[in-house]
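**Q** Sequence:
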Amino acid sequence: MQQDILINWSPQETRVAIIENGAVQELHVERTLERGLVGNVYLGKVARVLPGMQSAFIDIGLERAAFLHVADVWHRQPDGEAPFLRSSQPQVPIEKQVFEGQPLMVQVIKDPIGTKGARLSTQISIAGRLLVFLPQDDHVGVSQKIPPEQRDELRARLQALAGPEGGGFILRTNGEDATDAELSEDIAYLRKTWARIREAALRLPPMSLLHQDLSLLQRVLRDLVSDETQTIRIDSREQFSQLRAFGQEFMPAAAERLQLYKGERPIFDLYAIDDEIQKALGRRVELKSGGYLIVDQTEALTTVDVNTGGFVGARNFDDTIFKTNLEAAHAIARQLRLRNLGGIIIVDFIDMGREDHRQAVLAEFRKQLGRDRVKTMAGGFSQLGLVEMTRKRTRESLAHMLCEPCAACQGKGTVKTARSVAYDILREILREARQFNPREYRIVAAPQVIELLLDEESQHLAGLSDFIGKPISLQSEAAMGQEQYDIVLL
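Heads up: the sequence shown runs through residues 1 to 490, numbered per UniProt numbering.
Among the hints, a few may not be true.
To be verified - In the DSS-like style, the derived pairs of lysine-lysine whose C-alpha atoms are separated by at most 25 Å in a straight line are:
1. Lys262 with Lys288
2. Lys145 with Lys45
3. Lys367 with Lys288
4. Lys392 with Lys416
5. Lys367 with Lys392
6. Lys392 with Lys110
7. Lys145 with Lys375
8. Lys412 with Lys279
9. Lys323 with Lys367
10. Lys145 with Lys392
11. Lys96 with Lys45
12. Lys279 with Lys323
13. Lys145 with Lys96
14. Lys288 with Lys323
15. Lys392 with Lys279
16. Lys145 with Lys367
Claimed, not checked - If you anchor each label on the Cβ, the simulated ranges turn out as follows:
17. Ser215 with Ala253: 14 to 22 Å
18. Ala399 with Glu451: 30 to 38 Å
19. Asp318 with Ile344: 25 to 33 Å
Hints in this document: simulated from the structure, not taken from any laboratory. Because the structure is a prediction, the values reported are computed rather than measured. In this text, a Cβ means the ideal position worked out from N, Cα and C, and glycines have one as well.
Kindly produce the complete structure, drawing on both the sequences and the hints.
**A** Shown next, in the form of structure tokens:
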């Protein structure tokens, strides 16, 4: 299978598209202003030590000083105790561990929020594609999400590959099926990164950035390139030079596939990727056969409904449903990657009467999910004919990244009709009349609501005015949404 990676770079945003056999399979977006600090390593300077709070403020060159709690000050763990767990040994007071003016290597573990500065740790961890490197520890561990029966074998493999050079490693979930060559490549990258951090700490003054977590451009070479990748094309000459230098030092095999795109058309126009992004933000996905999918993303789960639509091409009804479901299995797996949907996903294929058809659709669906670089798990058909599956959340979905809730409907997807709002207003006036005694009531609402009150509902409005014994005036406000209104007491 031929795979190409296209990179569209601009000062404010980087967009990456993965193309397989001419179709967009994945989209990755990173915005410069929204890039966090978590993972960055700084050479800080202790500004203040607060024994009463067992904390210290560290100046790392940001607008606000960062915060270091005594629990986040690293010390070597007793033999056999895993890192990231607070030691059972008595805690040494922070005033005996750091002092004002002391240079200190720290890593950001929580971004600044509001008026609060970033939260720091003195335990450095460097994330790779398959491993997390802990240069201050000797512990070799395996992700808790990997089944227990596999952990001992994976831990032994990792200890053998890490060798006697020192430093600890934790195998990430996506490294469960990695080969020894892939793990060795990640170990070499992480050790080289740590060597550069140490060298920078000796060379640079306090309040300097020693290491920044990889940008999306660099993560393309580290995480997204596979054996199937033919080319990596980027449309910025400056970023091409920087990425090639990074690749030649850390990932020479991936750097060989890097190309500078010089075409006159925007790079994303080659495969109509902007149109694909627009479609990926909609609910309805058209299938080539005439069928379609409806994708609904909620806080708790995502539902995918398969419909035949206008597809009537097969010889009989069973074959029509079977072929629609087979095509849908391909399309759903692609949409999950394209939209980066995670968590619980419920797929409602069209009901099939034949068991062999159900098993064939399920096998095809699982085969397509197997191409996903993110871990997925799909069950069989439930008693209600639904397929339940999960897909690991790795980052925000495309819709959450590019969109925000509608100001008119607040994310519900629907708004009350003008008549419903008009009746709400009439009830509210009746409620106000029981508590207050104004000279007049004035209704300020959207034009379509005011028009309804003046026309079809004018008789009800007049009847309410007679009942409460007060005049009611109307004022149209074009800036208001259909559900918004004010009742002014004059």
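**Q** Now look at each hint and say whether the structure bears it out.
**A** Hint by hint, here is what the structure shows:
no.: 1; hint: Lys262 with Lys288; verdict: violated (33 Å)
no.: 2; hint: Lys145 with Lys45; verdict: violated (37 Å)
no.: 3; hint: Lys367 with Lys288; verdict: holds (20 Å)
no.: 4; hint: Lys392 with Lys416; verdict: violated (36 Å)
no.: 5; hint: Lys367 with Lys392; verdict: holds (17 Å)
no.: 6; hint: Lys392 with Lys110; verdict: holds (22 Å)
no.: 7; hint: Lys145 with Lys375; verdict: holds (11 Å)
no.: 8; hint: Lys412 with Lys279; verdict: holds (20 Å)
no.: 9; hint: Lys323 with Lys367; verdict: holds (16 Å)
no.: 10; hint: Lys145 with Lys392; verdict: holds (11 Å)
no.: 11; hint: Lys96 with Lys45; verdict: holds (16 Å)
no.: 12; hint: Lys279 with Lys323; verdict: holds (23 Å)
no.: 13; hint: Lys145 with Lys96; verdict: violated (37 Å)
no.: 14; hint: Lys288 with Lys323; verdict: holds (11 Å)
no.: 15; hint: Lys392 with Lys279; verdict: holds (23 Å)
no.: 16; hint: Lys145 with Lys367; verdict: holds (23 Å)
no.: 17; hint: Ser215 with Ala253: 14 to 22 Å; verdict: holds (20 Å)
no.: 18; hint: Ala399 with Glu451: 30 to 38 Å; verdict: holds (34 Å)
no.: 19; hint: Asp318 with Ile344: 25 to 33 Å; verdict: holds (30 Å)
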